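Please assemble the complex out of the two chains, which come individually in their own frames, going by the hints.
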Amino acid sequence: MRIAGQKLTGKLAAIYATVILITIVMLLPFAWMLSASLKLSSEVFVFPIEWIPSNPQWQNYVDIWTKIPLALFIYNTSKLTIIVTLLQLFTSSFAAYAFAKLHFPYKNALFLGYIATIAMPWQVYMVPQFLLMREFGLNNTHLALICLQAFTAFGVFLMRQFYMSIPTELCEAARIDGMNEYQIWAKIMLPLSKPALSTLTIFTFVTTWNDFLGPMIYLTKTELKTIQIGLRMFISQYSAEYGLIMAASVVALIPVLIVFLSLQRFFVEGVASSGIKG
Amino acid sequence: MANSITAAGDTPVPAKRRKVVSRRRRKVQDALIAYSFIAPNFLGFAVFTLGPILFAFVLAFMHWDGSNAMTFAGLDNFWRLFEDKAFKDAFWNTIIYTVVSVPATLACALGLAILLNQKILGRDFFRTAMFFPYVASLVAVAVVWNMIFNPEMGPVNMILYTLGLDPKNMPGWAADRHWAMVTVILFGVWKSMGYFMVIYLAGLQGINSELYEAADLDGANAWQKFLYVTVPQLGPTTFFVTVMLTIQSFKVFDQIYMITQGGPGTSTLVLVYHIYNEAFISWDLGYSSMIALVLFFLVLAVTVVQFRRQKED
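Line by line, the protein sequences are chains A and F.
Using our numbering, the letters of the first sequence correspond one by one to residues 1 to 278.
Using our numbering, the letters of the second sequence correspond one by one to residues 1 to 313.
Isolated chain F, as found in the complex (with noise of 0.2 Å):
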């Protein structure tokens, strides 16, 4: 290449050799310019983002507690996942927490959608009050939670009390291991649905009008109307909001570590706080990384199958 680039300046050539020559120049300029384009962030990202990654495949194989020499571990830390009660549960409270908190996010969003799509007064003020909780600190929401929510001085448990329930069968929020998943899942959906409804509002203002109105020549009344229109044509933001919602769901963290901090025992434990306990208070960073990939694949699985269906469409 850099002999063709001189023999272009020294001696004389052909005039289609020397056109070829300069375009083939000019194509290396507009790579290195298109690179310098790219390096500021790809740089970054490569070092930060995608060398950590791999290291993780590896460190996976590993026993290493981050101080001594690293050893190899073969397939140690994949069985030692069938033996951990705690992963075990960890695994088993994602899923729950996963299968409970997606539909009930999905039906509160779609619901705050439809009625926020009505022509009414203050629409605007009222989608930007249900939108807030996603963008409010989590630390400082998560801390009036447990406040509200505490079992004995909480305001929820007194108007529970006033209401007339039995002091004995109180709901213990928090505290309680049957009740602390619950209280976790309800802050869950009360923080995110505000976000879900803003793209359901997209969804539904995309819908033709035009269905509706044949549907009402046709006689068929709201219910009808949602069922047969409005569900159907909301399809693909559904499939979309389910696939973010179940991805969010699996990486849950910071609002457990805030509000149960994983228990009563380990009845909110989550793979990602497992994930945290293993590497950064046990120091088990081999087998921290094992039930990383654990994660791993369980989102891999879900961005398949939206790939998937994609192509369909």
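In isolation and in its complexed conformation, chain A is listed as follows (with noise of 0.2 Å):
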């Protein structure tokens, strides 16, 4: 027998074996959760484990619609994803261009700025930033989240990185044909950087969407959460409600899903390079 073009030895049918397993463990959580969203609460923690409900609860997935505003909470989280990963690529690569290809005036001193916050973990000034946005009237608004995930160190070192690489001839050709700098920006700089942007775009996204402490820190409305601390409520609310609470989480992953399963190849890319150039 022969699998992927190799012989079936003792050897690789062990890898396979510890590689289904592990796979298998991984998923585990997940599977438990799509089984337990088709269930009533009272069975969800029946033993042995009914994997395929017998009596699936498909009325779960409309009730939970009813029970918190998870339509909105959806809406919010979007929107937010939405402008904060379109300002993101457009600040930073905007950024990262001048960084990469121009000279100008205290350069080095403006980029070490952003070096030295790359590693500055937000949790070290999430204080002040929140006193400084309620000073602002910002509390309670969408605007303080996208204030303070739009304007990434991380973006402009990244972007400014991939454009290092692009050769500046290719800029100094076009100066020569009559373009100026923004157009270089626009016409050749940006169509090539495309993995980096899509690289950017799937962490920006990811980390928007499946934020938790800052909406938990700005946004205490219930008509402003976002999908996240809209689901924490209502895990607090109905704890006993487990089948409405799995489907709700189902609900939540699904977006995540989607976008990484179609981006996948660029995200794998992405962090691969990340770890590669440290």
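Hint data in this document are derived by calculation from the structure and do not stem from the laboratory.
Small disclaimer: the values here were computed from a predicted structure and weren't measured.
A few of these clues could be false.
[Said to hold, decoys possible] Some residues of chain A that are not near chain F, with every Cβ distance over 10 Å (derived):
{"hint": "1", "residue": "Gly10"}
{"hint": "2", "residue": "Pro53"}
{"hint": "3", "residue": "Gln57"}
{"hint": "4", "residue": "Pro69"}
{"hint": "5", "residue": "Asn108"}
{"hint": "6", "residue": "Gln161"}
{"hint": "7", "residue": "Leu192"}
{"hint": "8", "residue": "Lys194"}
{"hint": "9", "residue": "Ser198"}
{"hint": "10", "residue": "Thr201"}
{"hint": "11", "residue": "Phe266"}
[Claimed, not checked] Straight-line Cα separation of at most 30 Å, DSBU-like style, residue types lysine-lysine; simulated pairs:
{"hint": "12", "chain 1": "F", "residue 1": "Lys251", "chain 2": "F", "residue 2": "Lys311"}
{"hint": "13", "chain 1": "A", "residue 1": "Lys11", "chain 2": "F", "residue 2": "Lys119"}
{"hint": "14", "chain 1": "A", "residue 1": "Lys79", "chain 2": "F", "residue 2": "Lys251"}
{"hint": "15", "chain 1": "A", "residue 1": "Lys79", "chain 2": "A", "residue 2": "Lys194"}
{"hint": "16", "chain 1": "F", "residue 1": "Lys251", "chain 2": "A", "residue 2": "Lys221"}
{"hint": "17", "chain 1": "F", "residue 1": "Lys85", "chain 2": "F", "residue 2": "Lys251"}
{"hint": "18", "chain 1": "A", "residue 1": "Lys79", "chain 2": "A", "residue 2": "Lys67"}
{"hint": "19", "chain 1": "F", "residue 1": "Lys311", "chain 2": "A", "residue 2": "Lys107"}
{"hint": "20", "chain 1": "A", "residue 1": "Lys187", "chain 2": "F", "residue 2": "Lys27"}
{"hint": "21", "chain 1": "F", "residue 1": "Lys225", "chain 2": "A", "residue 2": "Lys11"}
[Claimed, not checked] DEER-style ranges, computed between Cβ atoms:
{"hint": "22", "chain 1": "F", "residue 1": "Lys27", "chain 2": "A", "residue 2": "Ser262", "range": "45 to 53 Å"}
{"hint": "23", "chain 1": "F", "residue 1": "Val304", "chain 2": "A", "residue 2": "Ser78", "range": "38 to 46 Å"}
{"hint": "24", "chain 1": "F", "residue 1": "Leu227", "chain 2": "A", "residue 2": "Asn108", "range": "37 to 45 Å"}
Where a beta carbon is used, it is the ideal one built from N, C-alpha and C, also for glycine.
This is the structure:
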């Protein structure tokens, strides 16, 4: 017997067995979640586990939309995520172009400002940042979360590293052809930097979508909440409604799953290259 | 500057001088264009990141409850660290979390990477599956984790029970002060090992295959090849992964908030949790910033080590 062009040996069988076993363990919580989301709360903890419910409660997926404003939470999160991601892509690639290809006074000092904060945990300055936002009257607004997530040192750094690898001669040739710097950025640098832009998109999307502490600090009004803290609120309000909690959790996972699966090739490449560059 | 520009326009000047002036004007113009590229990001970054960072250092030496006047505290907040038992617990719990979860995650990630670097059928599917917990919403997976590890009804303890474990010795997981940290660490390892596996996969693909061929000629077995080729060749990757994991562990919060709320007692209270409590529960903003500075210096120490090491390479 041959698998993937290799002879099935004892060693190969052992590798397959291990890989499959680990995959099952990794995915088991998701399978359990999906299964529990179709059960009555009283059935969720029945043992031995009935993986495929004999009497699936599709009603759970109907009820969650009325028990909590789940649609509103998803709308809020999508809005925040899209705005933050677009702002991040635009301002980071824009600034990175200057840092990579232009000459100007205090370039190194300004870039050092970014580098010095890249390893600074947000948790170190989250309190003063909150006080500042409160001073601006921004607590309990989505604008606060946009401001704190859209201008990261990480984005500028990632884009700059990529632009450094694009030959400067390309920009010079474009200048000779009469393009100005903004045109060079828009017509030459942006199209060439798709891999870096995809990586930044995915990182920003996942971070913003899954952010918990930020929205928890800033958003206390129910109608402003994101899916993460909305889900958390639901869990504490209906702590015994296991079936419903699981159904809401499945719904919260779906958008990230879709984005992840459609862009995963870029994601894996992006993570890998961030590791190589260190 | 402005004078010389008008001078260049109004009165006839020698050609050489005119050239100097226009070059200078050109330089100013170039700089302005460059600044216009940086401005949108830098303004936001300066106001919402740099400003608060500077403010954090000031706030650590102040007394403030957020509404009354701020007063200068000198080193009060600093001395308080030594009397605060919760801080001591939070500090050591953070260290324990780091010391256990960093090597555990690293070993799992490396093991997975080696397994999934083999030519096997469905490799991409397996890699994606391992990576998925990393991107999955934390709130959703944490609530599942709590249910699966529920001490009375959860499937994990049910399985242990059917395997013959005495109900009296059953681990209480998140509800038990001896097991709470284990539960949180298991969760952290499960969630992030896929991410570091991908970094290791990139490292493995960078190893020259001739090294393995040479080892084969020398009659090395699989274990020897792992020990004398793979591990040394992955040195830089391992170092990078260790630094990233360490920093990530120092700032752990979300998963603890969701699985144990820092408890039972203070058994899983960590630094960021203590910062959060002091700031947003007690409104002791100065003291919370002092704890934040401790976190900052921990991360700084790791970063400096990384920087030194990179310079050596």
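Results for each hint:
1. At roughly 13 Å, the least C-beta separation between A:Gly10 and chain F is larger than 10 Å, which holds for a residue marked as non-interface.
2. Residue placement check: A:Pro53 keeps its beta carbon more than 10 Å from all beta carbons of chain F (closest about 15 Å).
3. For A:Gln57, the requirement that its beta carbon stay farther than 10 Å from each beta carbon of chain F is met, with the minimum near 16 Å.
4. Here A:Pro69 stays apart from chain F, with its beta-carbon at least about 16 Å from theirs, past the 10 Å limit.
5. Listed as a non-interface residue, A:Asn108 keeps its Cβ farther than 10 Å from every Cβ of chain F; the least gap is roughly 13 Å.
6. No Cβ of chain F approaches the Cβ of A:Gln161 within 10 Å, the least distance being about 14 Å, so the stated non-interface status holds.
7. With a minimum CB-CB distance of about 17 Å to chain F, A:Leu192 clears the 10 Å threshold, and the non-interface call stands.
8. Non-interface status of A:Lys194 relative to chain F is upheld: no Cβ of that chain comes within 10 Å, the nearest being about 19 Å off.
9. Interface exclusion of A:Ser198 from chain F stands, the closest Cβ pair being 15 Å apart, more than 10 Å.
10. Every C-beta of chain F lies more than 10 Å from that of A:Thr201, the closest at about 13 Å, which supports listing it as non-interface.
11. With a least beta-carbon separation of about 12 Å from chain F, A:Phe266 lies farther than 10 Å from that chain, consistent with its non-interface assignment.
12. Annotation: proposed proximity of F:Lys251 to F:Lys311 holds, straight-line Cα distance about 26 Å (limit 30 Å).
13. Distance hint between A:Lys11 and F:Lys119 is fulfilled; the C-alpha atoms sit about 13 Å from each other, no more than 30 Å.
14. Taken as a hint, the A:Lys79 and F:Lys251 pair is honoured in the structure, with Cα atoms around 27 Å apart against an allowance of 30 Å.
15. At most 30 Å may separate the alpha-carbon atoms for a hinted pair to count; A:Lys79 and A:Lys194 meet this at roughly 23 Å.
16. Between F:Lys251 and A:Lys221 the alpha-carbon distance is near 27 Å, which keeps this suggested pair within the 30 Å criterion.
17. Distance check on the hinted pair: F:Lys85 and F:Lys251 sit about 20 Å apart at the alpha-carbon level, within 30 Å; holds.
18. Taking the CA atoms of A:Lys79 and A:Lys67, the gap is about 22 Å. The hint holds against a cut of 30 Å.
19. Distance hint between F:Lys311 and A:Lys107 is fulfilled; the C-alpha atoms sit about 22 Å from each other, no more than 30 Å.
20. For the suggested pair A:Lys187 and F:Lys27, the alpha carbons sit about 24 Å apart, so the restraint of at most 30 Å is met.
21. Between F:Lys225 and A:Lys11 the CA atoms are separated by roughly 16 Å; this keeps the pair inside 30 Å, and the hint holds.
22. A hinted range of 45 to 53 Å for the beta carbons of F:Lys27 and A:Ser262 is consistent with their spacing of about 46 Å.
23. Between F:Val304 and A:Ser78 the C-beta distance comes to about 40 Å, which sits within the given range of 38 to 46 Å.
24. Checking the proposed 37 to 45 Å range against F:Leu227 and A:Asn108 shows it holds: the Cβ atoms sit about 43 Å from each other.
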